[in-house]
Amino acid sequence: MMWLSGGFVFRKGNSVYHRLDPRVKLLISALLFTTTLLVRSIFQLGLVIAFAIAISAVARVLKRVGRTMMLTATFSAFIFAVNIFFTRNLETSAIYAIRFIAIVVSTSLFFITASPDELEQVMKTFRLPRDVVFAFVTAVRFIPVMMLDTLQIMDAQKSRGLELEKGNLFQRVRNMIPVLIPLVVNSVIRSGELAEAMESRAYGAVAKPTSLVQYKARFADRVTALAAVLLFAAGVYSFYFVLPTYLP
Amino acid sequence: MNLKVEQGETVAIVGENGAGKTTLVKHVTGLLKPTSGVVRVKGVETTKASTAQLSRSVGVAFQNPDHQLFSESVYEEIAFALRNFGFSPQLVEKRVTWGLELFGLEEYRESSPLVLSGGEKKRLTLACILAWDPDVVILDEPTVGQDAIQKERLAGTIKLLGAAGKTVVVVSHDIEFLWPIQPRVVVMKSGRIVADGPASTLMLQKDVLEGARVSQPELVTFYQELSRRPEAPFVDPSEAERWLK
Chain A
1 MMWLSGGFVF RKGNSVYHRL DPRVKLLISA LLFTTTLLVR SIFQLGLVIA
51 FAIAISAVAR VLKRVGRTMM LTATFSAFIF AVNIFFTRNL ETSAIYAIRF
101 IAIVVSTSLF FITASPDELE QVMKTFRLPR DVVFAFVTAV RFIPVMMLDT
151 LQIMDAQKSR GLELEKGNLF QRVRNMIPVL IPLVVNSVIR SGELAEAMES
201 RAYGAVAKPT SLVQYKARFA DRVTALAAVL LFAAGVYSFY FVLPTYLP
Chain B
1 MNLKVEQGET VAIVGENGAG KTTLVKHVTG LLKPTSGVVR VKGVETTKAS
51 TAQLSRSVGV AFQNPDHQLF SESVYEEIAF ALRNFGFSPQ LVEKRVTWGL
101 ELFGLEEYRE SSPLVLSGGE KKRLTLACIL AWDPDVVILD EPTVGQDAIQ
151 KERLAGTIKL LGAAGKTVVV VSHDIEFLWP IQPRVVVMKS GRIVADGPAS
201 TLMLQKDVLE GARVSQPELV TFYQELSRRP EAPFVDPSEA ERWLK
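Chains A and B, in that order, are what the protein sequence lines are.
Taking the working numbering, the leading residue of the first sequence gets 1, the next gets one more, and so forth.
Taking the working numbering, the leading residue of the second sequence gets 1, the next gets one more, and so forth.
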C-alpha cells in the first residue's frame with residue numbers, strides 16, 4: 001500500500017520539469033485535466049494519456065505515475081462495471097473508465113512534482129484565504145503520515161486476529177471499521193494538537209503576512225506555458241474537427 | 001541474525017532507533033515475512049501461517065495504544081480479539097472480567113476507551129492481549145507515557161508472566177525499567193545482534209551498550225564507580241542495591 005501511495009506524494013527531484021515555475025506546472029496539469037473532459041473517443045484519450053506519460057518521462061517520475069495508474073485502475077474497473085451495467089455500451093463504459101485514469105494522472109503529475117511549499121505559494125498567488133491555504137497544504141503534507149498510521153493500525157488489528165481480507169465485499173468493508181475509527185480519531189487528535197502548537201507559535205498574529213518567496217516567471221517558464229496553451233488549443237481543435245470521434 | 005528464544009524466557013530487545021527491533025517483532029507476529037532465512041514460532045514457519053493464526057499464540061501490545069482502540073466500551077475492546085478467535089460468550093465474559101481486574105480497569109468497563117488517560121489506555125492494550133492467554137507476549141515500548149508507579153506495576157506484571165511460564169519479549173529504550181526485571185538482553189544495531197546475554201552481565205559492559213547507543217542503568221554505573229574504591233568492594237550491582245536499601 002505504501003508503495004502505491006508513493007504515486008501521490010511529492011519527492012524532491014532535479015528534472016527540467018521539477019525546476020519549472022509551479023504555476024506553469026499547475027497550468028499544464030489543468031490543461032491536461034480539461035482535455036480529458038473534452039475528448040470524445042478511446043483513441044483521443046489514449047493520446048492524452050500518452051502525452052501525460054511523456055511529461056512524466058521528462059520529469060523522471062514515470063515509475064511513480066505508473067503506480068498512480070495501477071492504484072487508479074481498481075477504481076476504474078469499478079466505474080467500467082457500473083457503466084456497462086447501466087448503459088450496456090462497451091465503448092462508452094471504457095471511455096469513462098479510462099477518462100478517470102487520465103484525470104487522476106494529470107492531477108497527480110502536479111502533486112508529485114510540486115512541493116507543499118510550492119503548492120502554498122501557488123494558492124497564495126490566487127489570493128485564497130490564508131487559513132484555507134494552510135489547511136489544504138497541511139492536509140497534503142500529512143498524507144504520508146496518514147498512510148503510515150493506516151499501516152500501523154492495520155498491523156495492530158491484524159495481530160488481534162482481525163482478518164481484513166476475509167469474507168464477501170460487505171464483510172470486508174465491515175472489517176475496515178477497526179482500522180478507520182482509530183485513523184479518524186488519531187487525525188482529529190493530531191489536528192487539535194497541531195492547531196494548539198501553531199497558535200502557541202503566534203499563528204495568525206500578523207493580519208496580512210508577506211511571503212519570503214515571490215515567484216517570477218523565467219523565459220523558459222513563459223515559453224513552456226505558451227507551448228502548453230497552444231498544444232491544448234491544437235489538441236481540442238483536432239479532437240473535434242480532425243480525429244475520429246465516438247461520443248456526440 | 002540468529003536468535004532463539006525458549007518457552008518461558010523473558011527477553012529484552014534494546015538498541016538505538018532504526019536498529020530493527022520493531023521489524024524483528026513484526027517477523028515474529030507474521031506481519032512481515034522473511035524474503036530469505038526462516039522465522040519459526042513454536043515450530044511453525046511464519047511464511048506458512050497467517051498473522052491471524054499466529055496471533056493466537058503471539059500477542060503484541062504496540063507502542064501507540066491509539067492505533068488499536070476503536071470499540072464503544074472498554075469491555076468491547078477487550079472482547080474484540082476473543083470474538084475474532086471464536087471464544088464462547090461465557091468465556092469472553094470470564095476473560096474480559098479477569099483482564100479488567102488484573103489492570104484495575106473495572107470502573108471503566110462501560111466507558112469509551114478513547115476517554116481513558118494515556119497510562120490507562122496502555123494498560124487496556126495489555127489487558128486486550130493477555131485476555132486471550134497467548135503463549136508469547138510482546139511489548140513494544142511499554143513504558144512510553146507511563147509514570148514511575150505504573151512502570152513499577154508493569155515490571156511486576158512482566159515478572160508474573162515469566163513466572164507463569166509465558167515467553168515475554170520487551171522492546172524498550174528504558175534500560176532503568178528493564179534492570180529490575182533482569183531479563184536476557186539482546187542488543188541490536190543496524191539490523192544485527194551485537195550482544196546477547198543475561199542483564200546481570202551484559203549491563204556491566206558499558207562499551208558494548210554505548211556502541212549500540214544504549215545507556216547503562218544508573219545503578220550499574222554507580223556500582224562500577226564504587227567498585228573502583230577499595231573500601232567498597234561490592235561483588236555485583238545487586239549487592240550494591242541491597243546495601244543502598
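Among the hints, a few may not be true.
[Said to hold, decoys possible] Cross-link-like lysine-lysine pairs, in silico, PhoX-like; alpha carbons within 25 Å at most:
| no. | chain 1 | residue 1 | chain 2 | residue 2 |
| --- | --- | --- | --- | --- |
| 1 | B | Lys-42 | B | Lys-151 |
| 2 | A | Lys-12 | A | Lys-63 |
| 3 | B | Lys-33 | B | Lys-189 |
| 4 | A | Lys-166 | B | Lys-33 |
| 5 | B | Lys-166 | A | Lys-166 |
| 6 | A | Lys-12 | A | Lys-216 |
[As the list claims (entries may be wrong)] Computed, partial: chain B to chain A, Cβ under 10 Å:
| no. | residue |
| --- | --- |
| 7 | Thr-51 |
| 8 | Leu-54 |
| 9 | Ser-55 |
| 10 | His-67 |
| 11 | Tyr-108 |
In case anyone wonders, no lab produced these hints; they're calculated from the structure.
Note that the structure is predicted; figures quoted are calculated from it, not measured.
Note that the Cβ used here is the ideal one computed from N, Cα and C, for glycine as well.
Now for the hints, and whether the structure bears them out:
1. Taken as a hint, the Lys-42 (chain B) and Lys-151 (chain B) pair is broken in the structure, with Cα atoms around 30 Å apart against an allowance of 25 Å.
2. Proposed proximity of Lys-12 (chain A) and Lys-63 (chain A) is supported: the alpha carbons are some 15 Å apart, at most 25 Å.
3. Between the alpha carbons of Lys-33 (chain B) and Lys-189 (chain B) the distance comes to roughly 20 Å, so the proposed pair stays at or under 25 Å and holds.
4. Taken as a hint, the Lys-166 (chain A) and Lys-33 (chain B) pair is honoured in the structure, with Cα atoms around 19 Å apart against an allowance of 25 Å.
5. Pair hint Lys-166 (chain B) plus Lys-166 (chain A) does not hold up; C-alpha atoms about 30 Å apart against a cutoff of 25 Å.
6. Note on Lys-12 (chain A) and Lys-216 (chain A): the hinted pairing holds, with a Cα-Cα distance of about 21 Å set against a maximum of 25 Å.
7. Against a cut-off of 10 Å between C-beta atoms, the interface hint on Thr-51 (chain B) holds, since the closest Cβ of chain A lies about 4 Å away.
8. Using the Cβ-Cβ criterion of 10 Å, the hint placing Leu-54 (chain B) at the interface with chain A is satisfied: the shortest such distance is roughly 8 Å.
9. The criterion of a C-beta within 10 Å of any C-beta in chain A is met by Ser-55 (chain B), whose closest approach is roughly 5 Å, and the hint holds.
10. For His-67 (chain B), the suggested interface contact is upheld, since its CB lies about 5 Å from the closest CB of chain A, less than 10 Å.
11. Hint status for Tyr-108 (chain B): violated, given a least beta-carbon distance of 17 Å to chain A, over 10 Å.
In terms of the numbered hints stated before, the structure departs from hints 1, 5, 11, listed from lowest to highest.
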